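Last residue of the sequence shown: 696 in the numbering used here, with the numbers rising by one and none dropped.
Everything labelled a hint here was simulated from the structure, so no lab data went into it. Treat the hints loosely; a few may be bogus.
[Said to hold, decoys possible] Pairs of lysine to aspartate or glutamate residues, derived as EDC-like cross-links and limited to a Cα-Cα distance of at most 20 angstroms, are as follows:
#1 583 <-> 573
#2 465 <-> 552
#3 629 <-> 311
[What the hints assert, rightly or not] Between beta-carbon pairs, the in silico distance windows are:
#4 261 <-> 624: 18 to 28 angstroms
#5 426 <-> 523: 28 to 38 angstroms
#6 272 <-> 314: 17 to 27 angstroms
#7 60 <-> 174: 58 to 68 angstroms
#8 129 <-> 53: 41 to 51 angstroms
#9 452 <-> 358: 24 to 34 angstroms
#10 552 <-> 349: 21 to 31 angstroms
#11 478 <-> 238: 20 to 30 angstroms
Bear in mind that the values here come from a model prediction, so they are computed numbers and not experimental data. Just so you know, even glycine gets a beta-carbon here, dropped at the ideal spot from N, CA and C.
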Amino acid sequence: MTFLNSALLAGLFAVALPLLIHLFSRRKFPKIDFSTLRFLRRLQRQQMRHLKLRQWLLLALRTLAVLLIVLAFARPALVGQMGFGALTAGRTGVVVVVDASAGMQARNASGSSFQQAKEAAQTLLSSLSPGDRAQVIVARREPETLADRPTADTDALRRALQEVRPWDGPADLAAALDLAARSLRSSPDFRGEIYLISDFAAQPELPDPPAGLVPFFVPAAPESPENLSAGPVRVISEIIEPGQPVEVEVTLANHGRRDREDVYYSLYLNGTRVAEDVVSLMAGGEVQRRHQVQPQTAGLQEGSVEIEDHDLLEVDDRAFFCFSIPEKLEVLLAGEAAAVRRLRLALAPSARQDDLITLREADAASWDAGSLAAHDVIILAGPASFTSAQAARLATYVENGGGLLLFPGSRTDAAAVNRELLDRLDAPRWGEPMGQVTGGDAFLVWADPDLDEPLLRGILRPGSKPTLPHFYQALRLVGDQGDAPLRFRNGLPFLAEAPRGQGRVILAASSPDPAWSDWGGRGIFAPLIHRLVLRLAGGYKERCQTLTAGQDLEIRATEGPFGGEASATAAAELITPEGQEIKLPPQVQGQRVVFRRAALEEAGVYRVRAGSREHRVAVNPPPEESDLKTADLPAAYPAWQEAGVIVAAPDHLAQAVRDARYGRELWKAALIAGLVFLGLELALGSAWKPRPPEGE
Numbered sequence: 001m002t003f004l005n006s007a008l009l010a011g012l013f014a015v016a017l018p019l020l021i022h023l024f025s026r027r028k029f030p031k032i033d034f035s036t037l038r039f040l041r042r043l044q045r046q047q048m049r050h051l052k053l054r055q056w057l058l059l060a061l062r063t064l065a066v067l068l069i070v071l072a073f074a075r076p077a078l079v080g081q082m083g084f085g086a087l088t089a090g091r092t093g094v095v096v097v098v099d100a101s102a103g104m105q106a107r108n109a110s111g112s113s114f115q116q117a118k119e120a121a122q123t124l125l126s127s128l129s130p131g132d133r134a135q136v137i138v139a140r141r142e143p144e145t146l147a148d149r150p151t152a153d154t155d156a157l158r159r160a161l162q163e164v165r166p167w168d169g170p171a172d173l174a175a176a177l178d179l180a181a182r183s184l185r186s187s188p189d190f191r192g193e194i195y196l197i198s199d200f201a202a203q204p205e206l207p208d209p210p211a212g213l214v215p216f217f218v219p220a221a222p223e224s225p226e227n228l229s230a231g232p233v234r235v236i237s238e239i240i241e242p243g244q245p246v247e248v249e250v251t252l253a254n255h256g257r258r259d260r261e262d263v264y265y266s267l268y269l270n271g272t273r274v275a276e277d278v279v280s281l282m283a284g285g286e287v288q289r290r291h292q293v294q295p296q297t298a299g300l301q302e303g304s305v306e307i308e309d310h311d312l313l314e315v316d317d318r319a320f321f322c323f324s325i326p327e328k329l330e331v332l333l334a335g336e337a338a339a340v341r342r343l344r345l346a347l348a349p350s351a352r353q354d355d356l357i358t359l360r361e362a363d364a365a366s367w368d369a370g371s372l373a374a375h376d377v378i379i380l381a382g383p384a385s386f387t388s389a390q391a392a393r394l395a396t397y398v399e400n401g402g403g404l405l406l407f408p409g410s411r412t413d414a415a416a417v418n419r420e421l422l423d424r425l426d427a428p429r430w431g432e433p434m435g436q437v438t439g440g441d442a443f444l445v446w447a448d449p450d451l452d453e454p455l456l457r458g459i460l461r462p463g464s465k466p467t468l469p470h471f472y473q474a475l476r477l478v479g480d481q482g483d484a485p486l487r488f489r490n491g492l493p494f495l496a497e498a499p500r501g502q503g504r505v506i507l508a509a510s511s512p513d514p515a516w517s518d519w520g521g522r523g524i525f526a527p528l529i530h531r532l533v534l535r536l537a538g539g540y541k542e543r544c545q546t547l548t549a550g551q552d553l554e555i556r557a558t559e560g561p562f563g564g565e566a567s568a569t570a571a572a573e574l575i576t577p578e579g580q581e582i583k584l585p586p587q588v589q590g591q592r593v594v595f596r597r598a599a600l601e602e603a604g605v606y607r608v609r610a611g612s613r614e615h616r617v618a619v620n621p622p623p624e625e626s627d628l629k630t631a632d633l634p635a636a637y638p639a640w641q642e643a644g645v646i647v648a649a650p651d652h653l654a655q656a657v658r659d660a661r662y663g664r665e666l667w668k669a670a671l672i673a674g675l676v677f678l679g680l681e682l683a684l685g686s687a688w689k690p691r692p693p694e695g696e
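Whole structure, please, built from the sequences with the hints as guidance.
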């Protein structure tokens, strides 16, 4: 037992007042003995005993009433689980961890879970005693402190906390709690308390509770766990061409516990609604819908899918995406004359300025004289071999986002090409020859093409029986071939593809050279070569990225179409979804120059200007933040439960803190008991008051 207002215990002297009044009110009368009254003495003694008993009972009630009322003002409290112990002395160190993740934006009675969390933290800071010290940690991807160290200036902490806003990314509560524990362990305060204020949605992972500290869980949960989310949006079309529709796949999910009917959503492209649909979502389920969108122009495209009826958590009701349609592709072509002639006719038949492909031919012996990075795709037809320097330059080119297409030829030394280049790229390799260069009846043909293969989609119509090209000679492709888009009828691949770094390599088993095949004269040749170039030209795709809020942005500044023509000294400019402009200085990373921005905070489409090129970055909240179902506290964390964690709702946090620090207060019970005793005293005193004789 302890008393929070112990100074008022001096009022216990008032307990003696009823006794003093009783003693001073007693009167002694002279004793006169009447013979006629002697027979009443026995009756008098009996009545006096009853009268004294009543007087002592009233005196006890008055004394107890005064005692309990004085104790009520002194605020008695029970300390410890059984009511025994002593009030903790010394200063208290308090660290408040506030969850600032995207899920904390869900609405509740206080406006949002985050607003409720801030109000609870403000209440804690206001309740600190003089000399106590506090720290506030905002949990994001990395914890952020509002002060350099625990401070007694709680007003400054409250002002800083007022400016804190939630972000659209995740919160690493484990890292924030570890930081809080380290802060309190290094503090000289006698008592340490850690408060975690969170929605505890999806049962976040927490570290083991720190020893010697008093932990509190303060759940700031939304009104309901029912929530729908839009996204992700996936661009299905692997090969995107100007003037052609682009297929996208939309995902919508129901994270709640009840089914939802008639969920209406819209698909937007460049600010214009281009599609809409209504779906039904089972509890805990998701659906995918595919749409074809038709961009009006080439270049960067940005879009979103939005659930029109917003729910408690609005940040995930909209998902963003982007893609790029190539405006101009730079292609370098070199090799044996016969194959180069057919490739030139297929890629640039008119050589107009508005053609998608700008073709530059180079001599087979000097194709590497200029900058390789100035080209989106390099096509080499019949290379004899590569020097170490040429192979190293090609490998760097591919790793930085370039595309490389290789055809065999009559002068090709397959073993040398494998050794110098393909092994370096960890790509498929050329093996032994198949067939002979006869131009006669001995030839290889393709197996029936898969019309769903992106490389062939739209080139061949379903049900058509095209005349397939004849291949008189080919090289076997060995190594990891992946999913070969075209195969010969004997099952061996005609094309093999391998990604490397940011780029990719495609290896062909035969050549358009008439000595190798009649492929170059068939109608399928030109559109297939165009598709191969588009598939390899990954640089235009790199101009669009999709990230999760909280992830780092990195854009390469290497010169060239797929690098952005940015110099190593000029800063890039990042424009946020809200229109804020941020300068990104160049950073050297090995042989590359990059622009970086750590932890993108808000969902939406960012724009980046790097040199003469623009980039788009679609940022969406983490999918796990859409699950608003809260954990069962404290049972969800057995280690914390064993450590005696105190779970307190925000509305009852102040009382829970007082109970934990000072014990359970008994002043209300003492005051009520004192008033009850006063009432009994009045009732008994009135009932025992002598009645006047009848007739008076």
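Status of each hint after checking the structure:
Of the pairs offered as hints, the one joining residue 583 and residue 573 holds, with about 5 angstroms between alpha carbons and a cut-off of 20 angstroms not exceeded. The hinted pair formed by residue 465 and residue 552 fails the criterion: a straight-line CA distance of about 50 angstroms is larger than 20 angstroms. Only pairs whose Cα atoms come within 20 angstroms are accepted, and residue 629 paired with residue 311 is accepted, the gap being roughly 15 angstroms. For the pair residue 261 and residue 624, the supplied restraint of 18 to 28 angstroms holds, since their beta-carbon distance comes to about 26 angstroms.
As the Cβ distance of residue 426 to residue 523 is approximately 35 angstroms, the hint placing it in 28 to 38 angstroms holds. Separated by about 22 angstroms at the C-beta atoms, residue 272 and residue 314 satisfy the suggested range of 17 to 27 angstroms. Take residue 60 and residue 174: their Cβ atoms lie about 60 angstroms apart, and the range 58 to 68 angstroms holds. For the pair residue 129 and residue 53, the beta carbons lie near 49 angstroms from each other, so the given range of 41 to 51 angstroms is met.
Residue 452 and residue 358 have their C-beta atoms about 31 angstroms apart, which keeps the hinted 24 to 34 angstroms range intact. The hinted window of 21 to 31 angstroms between residue 552 and residue 349 is violated, with their beta carbons roughly 44 angstroms apart. Taken as a hint, the range 20 to 30 angstroms holds for the pair residue 478 and residue 238, whose Cβ atoms sit roughly 25 angstroms apart.
Checked against the numbered hints given earlier, the structure breaks hints 2 and 10 and satisfies all the rest.
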